[in-house]
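Enquirer: Go ahead and model the full structure; you've got the sequences and the hints to work with.
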Amino acid sequence: MEQPIDVLEMFKQAAFEVDNRRLPDLKLDTLIAGLGMDSVAVMELVSYFEEKLSVRIPDEELSRLRTVKDLRDAIARLRPDRQFAA
Amino acid sequence: MGSNKQDIAVSYDVSNEFFRLWLDERMNYTCGVFDGQEISLEEAQLNKLRILSGFAHVTPESTLLDIGCGWGANLEYQALVNKVKAAHGITLSEAQCAEIRRRKLPGVNATVRSYLEYKPPLKFDAVMSICMMEHIVSPQEAREGKSIPAYRNYFRLVHEWTKPGTYFGLQTILRNFVPRDRQDVKDVGWVTYEIFPGGITPRLEEIVAAVNPYWEILEIKTRRLDYQKTTWHWRDRLRRNEAKIRAEWGDKVFDDYDRYLSTCVRGFEKHYQSLAQYSLKRID
Chain A
0 MEQPIDVLEM
10 FKQAAFEVDN
20 RRLPDLKLDT
30 LIAGLGMDSV
40 AVMELVSYFE
50 EKLSVRIPDE
60 ELSRLRTVKD
70 LRDAIARLRP
80 DRQFAA
Chain B
0 MGSNKQDIAV
10 SYDVSNEFFR
20 LWLDERMNYT
30 CGVFDGQEIS
40 LEEAQLNKLR
50 ILSGFAHVTP
60 ESTLLDIGCG
70 WGANLEYQAL
80 VNKVKAAHGI
90 TLSEAQCAEI
100 RRRKLPGVNA
110 TVRSYLEYKP
120 PLKFDAVMSI
130 CMMEHIVSPQ
140 EAREGKSIPA
150 YRNYFRLVHE
160 WTKPGTYFGL
170 QTILRNFVPR
180 DRQDVKDVGW
190 VTYEIFPGGI
200 TPRLEEIVAA
210 VNPYWEILEI
220 KTRRLDYQKT
230 TWHWRDRLRR
240 NEAKIRAEWG
250 DKVFDDYDRY
260 LSTCVRGFEK
270 HYQSLAQYSL
280 KRID
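Chains as they are written, first to last, in numbering that gives the first Met the number 0: chain A, 0 to 85; chain B, 0 to 283.
Since the hints were made in silico from the structure, they are not lab data.
One or more hints might be untrue.
Unchecked claim - Derived pair list, reagent style BS3-like, types lysine-lysine, alpha-carbon separation capped at 27 Å:
{"id": "1", "chain 1": "B", "residue 1": "Lys220", "chain 2": "B", "residue 2": "Lys145"}
{"id": "2", "chain 1": "B", "residue 1": "Lys145", "chain 2": "A", "residue 2": "Lys68"}
{"id": "3", "chain 1": "A", "residue 1": "Lys51", "chain 2": "A", "residue 2": "Lys26"}
{"id": "4", "chain 1": "A", "residue 1": "Lys51", "chain 2": "B", "residue 2": "Lys269"}
{"id": "5", "chain 1": "A", "residue 1": "Lys51", "chain 2": "B", "residue 2": "Lys185"}
{"id": "6", "chain 1": "B", "residue 1": "Lys122", "chain 2": "B", "residue 2": "Lys280"}
{"id": "7", "chain 1": "B", "residue 1": "Lys280", "chain 2": "B", "residue 2": "Lys118"}
{"id": "8", "chain 1": "B", "residue 1": "Lys4", "chain 2": "B", "residue 2": "Lys251"}
{"id": "9", "chain 1": "B", "residue 1": "Lys118", "chain 2": "B", "residue 2": "Lys103"}
{"id": "10", "chain 1": "B", "residue 1": "Lys103", "chain 2": "B", "residue 2": "Lys84"}
{"id": "11", "chain 1": "B", "residue 1": "Lys269", "chain 2": "B", "residue 2": "Lys220"}
{"id": "12", "chain 1": "B", "residue 1": "Lys185", "chain 2": "A", "residue 2": "Lys68"}
{"id": "13", "chain 1": "A", "residue 1": "Lys11", "chain 2": "B", "residue 2": "Lys185"}
Claimed, not checked - Derived contacts from chain A toward chain B, CB cut-off under 8 Å, selection only:
{"id": "14", "residue": "Ser38"}
{"id": "15", "residue": "Val39"}
{"id": "16", "residue": "Met42"}
{"id": "17", "residue": "Glu43"}
{"id": "18", "residue": "Ser46"}
{"id": "19", "residue": "Glu49"}
{"id": "20", "residue": "Asp58"}
{"id": "21", "residue": "Leu61"}
{"id": "22", "residue": "Ser62"}
Every residue gets a Cβ at the ideal spot worked out from N, C-alpha and C, and that includes glycine.
Expert: What follows is the structure in structure tokens.
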């Protein structure tokens, strides 16, 4: 049985790797736009998830990702075979 | 909304002489049409103007509007090849307008004006707009879902400025999909924000939605590889003038434009971007 995917922890790791940014207080309802990352860094962050989880979020959904939870839900729709940490 | 006059100056006012070094002799700064043939950039640009003139049903009786007319390559073609009755151009670039006036083309006038503030002196019966729509919406506005209303407002205005039965020859770059390769994300983002600030390329489905209820799409032709070849030629000419550019405009200008054009060549190759030509007919 694979471990549930912890999007919150992955997000923190991705933010550090792509933007050297530590986000200890990150929550699922945190607004991505409020993190101070520019749009290019956010796109890199999305790429990080896509690479790690072998998914491709459709471009038209990218502009609708407001919170970390939105990102988790978008990935969950693409990976119904996996469990996600709450 | 979209690129303002200061943004446009960043994109087009480096120096007319700088752009003249690496564009074709008429200074078309948009995709030419090679159609897979081994022809020169100059011939490809004439092909493009001939095709779009056909899409706009231009005749010697036409009174034509060119929205985002650049340095006047199309206005020159309309005046000297199609011999139109009159051709009006609007641009937000002072340097481009100065170049058009320098050419002293018969029946041609150009104005520095945003399409949002343009008050046409008469109703036109032919319209062309070659890669101007990329300046209508900013990346932030695109993310906020404002693209289609902004494009629709543009099509509404052009409808207001024209006579019944008018045809519209339109060309736009297309944003096909966002790159995922990290370096490509950085490069495409850099071009968007540093070379063409304030603008973003439209998606095909946005154009298809936004033309209604003002214009009927009669034809769409995509030309991704033509734009790859065009940007390859531009970069080749830029590099052949490297020493002169570095000496006159500095290392940063050469390095920035080399990076920008290399990103374009790769972006068209990898389907991040494409190009579309449209023939539209006014819905009366």
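Enquirer: Looking at the structure, which of the earlier hints fail to hold?
Expert: Per hint list: zero violations.
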